[in-house]
Amino acid sequence: MTASINLRKLRKRLFSKTTFRGAVAITLVFAGWELGSRFKMPILGSIPPPSDVLSVLHRITADGRFWHHWLASFQRIFMGFIAAQLVGIPLGLAMAMSLATRRFLFPILEILRPIPPLAWVPTAIIFWPTTESSIAFVIFLGAFFTVVLNVIGGARSIDQRYVRAALSLGSRRRDIFWKIVLPATLPSIFIGMAVGMGITWEVVVAAEMIAGKSGLGYFTWASYVGGNYPQIIVGMLSIGIAGYVSSGLIRAVGKIATPWQRPL
Amino acid sequence: MATGALGIHGVSKVYDPDGARVLAVDNCTLDIAAGEFCVVVGPSGCGKTTLLNAAAGFHDITAGEITLDGRVICSPRHTQPPGAERIVVFQNGALFPWMTVQDNVAYGPVVQGKLSNAEARRQGDELLRELGLAGVGDRYPADLSSGMRRRVEIARALINDPKVLLLDEPFRAMDALTKGVAQEFLLQAYDRMPKTVFFITHDLEEALFLADRVVVMTTRPCRVKEILTVDFERPRSFRVRASRRYLELKTAVFDAVHEEATRAFEAGERELA
Chain A
1 MTASINLRKL
11 RKRLFSKTTF
21 RGAVAITLVF
31 AGWELGSRFK
41 MPILGSIPPP
51 SDVLSVLHRI
61 TADGRFWHHW
71 LASFQRIFMG
81 FIAAQLVGIP
91 LGLAMAMSLA
101 TRRFLFPILE
111 ILRPIPPLAW
121 VPTAIIFWPT
131 TESSIAFVIF
141 LGAFFTVVLN
151 VIGGARSIDQ
161 RYVRAALSLG
171 SRRRDIFWKI
181 VLPATLPSIF
191 IGMAVGMGIT
201 WEVVVAAEMI
211 AGKSGLGYFT
221 WASYVGGNYP
231 QIIVGMLSIG
241 IAGYVSSGLI
251 RAVGKIATPW
261 QRPL
Chain B
1 MATGALGIHG
11 VSKVYDPDGA
21 RVLAVDNCTL
31 DIAAGEFCVV
41 VGPSGCGKTT
51 LLNAAAGFHD
61 ITAGEITLDG
71 RVICSPRHTQ
81 PPGAERIVVF
91 QNGALFPWMT
101 VQDNVAYGPV
111 VQGKLSNAEA
121 RRQGDELLRE
131 LGLAGVGDRY
141 PADLSSGMRR
151 RVEIARALIN
161 DPKVLLLDEP
171 FRAMDALTKG
181 VAQEFLLQAY
191 DRMPKTVFFI
201 THDLEEALFL
211 ADRVVVMTTR
221 PCRVKEILTV
231 DFERPRSFRV
241 RASRRYLELK
251 TAVFDAVHEE
261 ATRAFEAGER
271 ELA
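First to last, the sequence lines map onto chains A and B.
The numbers in the first sequence follow our numbering, run straight up by one, and end at 264.
The numbers in the second sequence follow our numbering, run straight up by one, and end at 273.
Bound-form chain A, shown alone (with noise of 0.2 Å):
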């Protein structure tokens, strides 16, 4: 039943106008980067056409060691992007409850929040043991601001009506913490994770063309560097699909975790 329902909806979403015009822009797109790369049009004429880049595409998926940097990447991002939620949203949380600890963590944060992920790249290989670890904390770092800044937003934001309506209807403390201000805050969780996740593709591209050994930002960087041009467009599209694939995750976990809130 859900499932036939689901079919026809997913036909629907399929063949709509919105998936045409989508699928028109994206044809037209290539089509004229295709033939300004053939008839060396200015600045289209030094990129590889599309062609090549399927072609070498095609040589390249076969390969397990592309697949491995694939891999390489996402392990890097999830593991730096979930220590960011573990860290930042628990604390995101205590400054938005206790007005002490955001006198206290405040200004140390707004310190440190200008300085770019990157340019953490050098203290974070003296200090770290592996090239391996202080990537994982680079991309902590570009996950970690953004999340902690929108729980506190999120929290702080709270309409006062639910809370005096939680207190008038006899909550202790911890009520108003567990069923009130945490559901409350959710949509801005993972608005603060979905933010996070698009710096922390940023993040792993850059460490990795610094410092990798693999991943998807050292695949390109190789290329660049072993001359195999349409190899470079390659992983551009590899990275910008693993980012797309990424932030449709997080959407979803949020969709199913906060069942509530209404599509914009």
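Fair warning: there could be bad hints in the mix.
[Stated by the list, open to error] If you anchor each label on the Cβ, the simulated ranges turn out as follows:
#, chain 1, residue 1, chain 2, residue 2, range
1, A, A83, B, P194, 54 to 64 Å
2, A, P116, B, S145, 47 to 57 Å
3, B, L23, A, T123, 54 to 64 Å
Hints listed in this document are in silico derivations from the structure and should not be mistaken for laboratory results.
We treat Cβ as the ideally placed atom computed from N, Cα and C, and that holds for glycine.
Fit chain B to the supplied structure of chain A, relying on the hints for placement.
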């Protein structure tokens, strides 16, 4: 029925006592009997809500005392924290959007540790059915109409068997038809389980339709200007609105409020000048 007498004795509230010293409530005295439906009307910003919030335990007062069944619940020295014996229903509604209707209604008894989750839900469903709200239990508030939401919120308050219901313009911003239905709903609920009700509104028709007594407040600072007894029998139907007595009362309350509204308006003009 015998409990829930709310006493407001010589209550004053000064906001920002060290700075601008805004006197919101000035020596206000009002006794609401147990089980009485008392409606308070007055110009916007006159301090009615300040009074209600003090009774709810959301803030303190500068002078006087508020008692519940003779026990002091709010005075300059002591404010009893909010609790389920005095439940507030807010102007814009405060159903928790992240909980289903069922969980919203069950919330009070569960956090107070009075009922288990399952039992609270069962009783909540029963109450919703009794109040004509069967079948909405597993929906989220966002899926309900504004009128339905407000009715659920009243059910969420009633399940706790509070001594006093504090309603701060609960039906504001509703269209006339929805409002009418919501008012009838509240009256039915009140007839079924009479509670002391402290109800704030701007709508004089609403006041007369619901109240045992209508209390007209002065413009800021808030004081009791006039009290009108509304002697229609209960249960009431909307037909009372067509009676001669209704018209008399309406004229009387309108005169009293109009005078205050004019003063409030002129005071506003002066502030702007």
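Which earlier hints can't be squared with this structure?
Result: no hint breaks.
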